[in-house]
Amino acid sequence: MKIHEYQAKEILRKYNVPVPVGYVAFTVEEAVQAAKKLPTEIAVVKAQIHAGGRGKGGGVKIAKNVQQVEQLARQMLGMTLVTHQTGAEGKTVHKLLIEQGIDIERELYLGMVLDRASSRFVMMASTEGGVEIEKVAAETPEKILKEWVDPRVGLQAFQARKLAFGLGLEGKQVANAVKFMLALHEAFMANDCSLAEINPLVVTKQGEVLALDAKINFDDSALYRHPNLRELRDLDEEQPLEVEASKYNLNYIKLDGNVGCMVNGAGLAMSTMDIIKLSGGDPANFLDVGGSANVDTVRNGFKIILSDPNVKAILINIFGGIVRCDRVAQGVIEAVKSIDVNVPLVIRLEGTNAKEAAVMLRESDMDFTVASTLKDAAEKVVKVLKN
Amino acid sequence: MSILLTEDTRALVQGITGSEGSFHTRQMIEYNTNVVAGVTPGKGGLKFDDKIPVFNTVAEAVQATHANASVIFVPPPFAADAIMEAADAGLGLIICITEGIPAMDMVKVYEYISDKDTHLIGPNCPGVISPGIGKMGIMPGFIHKQGHVGVISRSGTLTYEAVGQLTGRGIGQSTCIGIGGDPVIGTRFIDALKLFKEDEDTHAVVMIGEIGGTAEEEAAAWIKDNFDKPVISFIAGQTAPPGRRMGHAGAIISGGKGTAAEKMKILEAAGIHVCKSPADIGIMVEKALG
Numbered sequence: 001m002k003i004h005e006y007q008a009k010e011i012l013r014k015y016n017v018p019v020p021v022g023y024v025a026f027t028v029e030e031a032v033q034a035a036k037k038l039p040t041e042i043a044v045v046k047a048q049i050h051a052g053g054r055g056k057g058g059g060v061k062i063a064k065n066v067q068q069v070e071q072l073a074r075q076m077l078g079m080t081l082v083t084h085q086t087g088a089e090g091k092t093v094h095k096l097l098i099e100q101g102i103d104i105e106r107e108l109y110l111g112m113v114l115d116r117a118s119s120r121f122v123m124m125a126s127t128e129g130g131v132e133i134e135k136v137a138a139e140t141p142e143k144i145l146k147e148w149v150d151p152r153v154g155l156q157a158f159q160a161r162k163l164a165f166g167l168g169l170e171g172k173q174v175a176n177a178v179k180f181m182l183a184l185h186e187a188f189m190a191n192d193c194s195l196a197e198i199n200p201l202v203v204t205k206q207g208e209v210l211a212l213d214a215k216i217n218f219d220d221s222a223l224y225r226h227p228n229l230r231e232l233r234d235l236d237e238e239q240p241l242e243v244e245a246s247k248y249n250l251n252y253i254k255l256d257g258n259v260g261c262m263v264n265g266a267g268l269a270m271s272t273m274d275i276i277k278l279s280g281g282d283p284a285n286f287l288d289v290g291g292s293a294n295v296d297t298v299r300n301g302f303k304i305i306l307s308d309p310n311v312k313a314i315l316i317n318i319f320g321g322i323v324r325c326d327r328v329a330q331g332v333i334e335a336v337k338s339i340d341v342n343v344p345l346v347i348r349l350e351g352t353n354a355k356e357a358a359v360m361l362r363e364s365d366m367d368f369t370v371a372s373t374l375k376d377a378a379e380k381v382v383k384v385l386k387n
Numbered sequence: 388m389s390i391l392l393t394e395d396t397r398a399l400v401q402g403i404t405g406s407e408g409s410f411h412t413r414q415m416i417e418y419n420t421n422v423v424a425g426v427t428p429g430k431g432g433l434k435f436d437d438k439i440p441v442f443n444t445v446a447e448a449v450q451a452t453h454a455n456a457s458v459i460f461v462p463p464p465f466a467a468d469a470i471m472e473a474a475d476a477g478l479g480l481i482i483c484i485t486e487g488i489p490a491m492d493m494v495k496v497y498e499y500i501s502d503k504d505t506h507l508i509g510p511n512c513p514g515v516i517s518p519g520i521g522k523m524g525i526m527p528g529f530i531h532k533q534g535h536v537g538v539i540s541r542s543g544t545l546t547y548e549a550v551g552q553l554t555g556r557g558i559g560q561s562t563c564i565g566i567g568g569d570p571v572i573g574t575r576f577i578d579a580l581k582l583f584k585e586d587e588d589t590h591a592v593v594m595i596g597e598i599g600g601t602a603e604e605e606a607a608a609w610i611k612d613n614f615d616k617p618v619i620s621f622i623a624g625q626t627a628p629p630g631r632r633m634g635h636a637g638a639i640i641s642g643g644k645g646t647a648a649e650k651m652k653i654l655e656a657a658g659i660h661v662c663k664s665p666a667d668i669g670i671m672v673e674k675a676l677g
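Which chain is which? The protein sequence lines are A and B, in order. Under our numbering, the first sequence has 169 at position 169, and the numbering climbs by one with no breaks. Just so we're on the same page, our numbering is the position in the second sequence counted from 1, plus 387.
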């Protein structure tokens, strides 16, 4: 789960990770009030959306005084911000973070993430602050310093010192950076984060070390033990159909094509998208109906897929293991009775009780095409589109 | 023959009295798996379906029944603990079906079992089946056929699809292993390949990967230097958008890394037969076996 910068900074503050003084504002008036509370006359106005590259897109502006904060807030609230991560349609700005100005001496990078290769968390630091870390990793990997966290003892001070000295910090900067890193590690572990990125991490002219920007993601599987974090979810930032699907416990991701797919299992769902593409079609979505595809899941799946106006045909691909194909067939037959499936339907049911399912489908008065293999299914759905 | 799950396997089921655990235990028994015990804390002394003894702890179950392998159907908040309990009791094979275990718990588990003599399969996997011998997991037994092709996969139903294609062509399997769709898993492609390398009855291996991480790339490098049997591979997610988690917790392209195209290229360069289409897995294996 993703959260906003201002929410990430509130969490960091709780764990004594130094962040600039700042307040979130939902209206122009709140922005002005926030600016008045800052310790500096200069303020930074930052659009709060779940996407990177906000600065380049015009979502981060410096105001010399309260009047300018007011002007900027008026411009930015409600505007559509387009960055390389939002897609061409951009995202609407609903809230701003108003922060104090900082005397920056150096901009660095600090991140923490799961390193899948070693199955450990790793803290990464780099002198290349303010640049996308993926770019640094690709072009100058030697500029990324890494310290792996031993799960038995957590991040140790000597590891933080290695990173701090490696970044070329000196004097009291080192002590401040070490404190920062240990506190960040604590915040990360305590909240089951999957990613924490401080980019840039800044060193001020006064030798302080603080998080100028902050990005935190949480491990979805661990949210059950953090009910308070669950509340930080911002539905405005998510695709409306995906939000709707999540209410039905369906795993749905919207894509740009016109062939809707309903599949059981994530790997098979991805493969179904792949084979549609290989057959000359374009998948409209990823939809995993999971291990219990019954009437309700099938009906809800249809509802979600058909809410996408681009969908011109639907492919149902179920490999019955635990889920019995006759149950799925029953689900499809009943679902089609209760909702208007107004696009051609291709169904492929394989595995447990596939034969019984085929008979049921044939005997129903539904209008659809039956496919036998995966390839046959993809070719048939592409063909019905062309007719 | 087979790897991991063999004629010598004596299986116990952790979470045997739960709805998932009981359903699949019956399926496993129906497939002639040698299930010798169940464990549910607080239900020790019961008999599951009047025949399988249930114990409070894994250690007790092992002592009483000489179980040497466990399959875990325990809800996510308790699953990491269940894995460690099985490892502590000295089981050589631990298969965790549970989906949704927090990554932080699995990092600790990974560390905990690192010095123990055990193979952890999963979590978030369909389990292991050695056709004709037994199954520990949730896969439908009847689609399998005893034979000489090993299958290793990060997926569930996609594995069934691949197995269905093999069996449909009369090609049997030695052992099929679902290694799981999570970012932190016990046994990885290379670990499973090492076991298949030593198994004389496995003549070829199907390796089913997906987007996210670099496990396929690491396997490709290892195969190139160490593995002489034909490997046929498919990578799911050629059409997956970057930055999105495609169902499995581990199926995500991050920072341009872990794409299907990149993995396919590296696998091909290592001499692996890469299927572009998931429909071609069966025919590719047939060709590779000659």
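If you are wondering where the hints come from, they were derived from the structure by calculation, not from laboratory data. Worth double-checking, as some hints may not be accurate.
Here are the simulated BS3-like pairs of lysine-lysine, each with C-alpha atoms no more than 25 Å apart in a straight line [unchecked claim]:
id, chain 1, residue 1, chain 2, residue 2
1, A, Lys355, B, Lys616
2, A, Lys95, A, Lys162
3, A, Lys277, B, Lys663
4, B, Lys644, A, Lys143
5, A, Lys383, A, Lys312
6, A, Lys2, B, Lys495
7, A, Lys135, A, Lys247
8, B, Lys581, A, Lys375
9, B, Lys532, B, Lys495
10, A, Lys312, A, Lys215
11, A, Lys375, A, Lys312
12, A, Lys146, B, Lys616
13, B, Lys663, B, Lys644
14, A, Lys135, B, Lys652
15, B, Lys652, A, Lys383
16, A, Lys2, B, Lys581
17, A, Lys247, A, Lys162
18, B, Lys644, A, Lys375
19, B, Lys581, B, Lys616
20, A, Lys56, B, Lys674
21, A, Lys375, A, Lys386
22, B, Lys611, A, Lys375
23, B, Lys532, A, Lys386
24, A, Lys215, A, Lys2
25, A, Lys37, A, Lys205
26, A, Lys277, B, Lys532
Rough simulated footprint, nothing fancy, chain B against chain A, three-plus residues with beta-carbon under 8 Å [what the hints assert, rightly or not]:
id, region
27, 165-177
28, 215-223
29, 362-372
By construction, the Cβ of each residue, glycine as well, lies at the ideal position given by its N, Cα and C atoms.
Inset, instruction - Output the numbers, in ascending order, of every earlier hint that fails for this structure. - result: Violated hints: 1, 2, 7, 8, 9, 10, 12, 15, 16, 17, 18, 20, 22, 23, 26, 27, 29; rest satisfied.
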